[in-house]
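Numbering (our numbering), first residue to last: 2 to 189.
Worth double-checking, as some hints may not be accurate.
To be verified - Quick list of the computed label-pair ranges, beta carbon to beta carbon:
# : residue 1 : residue 2 : range
1 : 32        : 154       : 15 to 21 Å
2 : 40        : 131       : 17 to 23 Å
3 : 95        : 39        : 31 to 37 Å
4 : 54        : 28        : 24 to 30 Å
Hints were generated in silico from the structure; no laboratory data involved.
Bear in mind the structure is a predicted one, so any value in this text is a computation, not a measurement.
Every residue gets a Cβ at the ideal spot worked out from N, C-alpha and C, and that includes glycine.
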Amino acid sequence: MISSRYAYPDHCRRPPPLLICNELVTDGHTTEDPASWHTCLHNSSLILTSARRQGWLIAHVYRHDRPPNPVADLRPEPDEPVFQCRGPSALSSPALRDLLAMNNVEELILVGRSLVPYCLATAIAAADLGVSVTMVTDAVSHPRIEANDADLSTTHAAIRLFPEFATMTTTAKLLQLQSSLSLFVSGS
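Taking the hints into account, I'd like the entire structure generated from these sequences.
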């Protein structure tokens, strides 16, 4: 399913979505498919730039078991909160769940590393909280898997499961809809 919810005027009164930049770290290439990782970084940068311009809430999430080492172009701004989480879900951070509640967040936009397990776990946890998720498919990397690897079937199962918990879109569609909404709101 492709998201088009930003093109409608009734969403102008809704709180902005929360962009979660998940594990956009310098060593992400060691576990992710190289082409997928490169595309993820490029598109995440485009989305992050647009989100900042649009005034979205932005959160950066890293695993708790190592210090964050973000990719240079994707470093958090001083006013963007950084969370560390213990589980695969970004929402395993109690502080991030508090941020959602305090800001009445109704939607997460999810970019970053890695489709399985991080993004899938976050989408499922958000569904449990009643928060909708839009996953930007070309701004989420996937693990490096060999053709005969047992993890390949797990990844394929996760891809089939994702639409149960998240709306899927692409960077181009998300940015096009954001641009259309900006023109609508400004009246230009």
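Cross-check of the supplied hints:
Separation of residue 32 from residue 154 is about 18 Å and conforms to the stated range, judged on CB atoms against 15 to 21 Å. A hinted range of 17 to 23 Å is violated for the C-beta pair residue 40 and residue 131, which are about 31 Å apart. The beta-carbon spacing between residue 95 and residue 39, approximately 33 Å, falls within the hinted interval of 31 to 37 Å. For residue 54 and residue 28, the hinted distance range of 24 to 30 Å is satisfied, since their beta carbons lie about 29 Å from each other.
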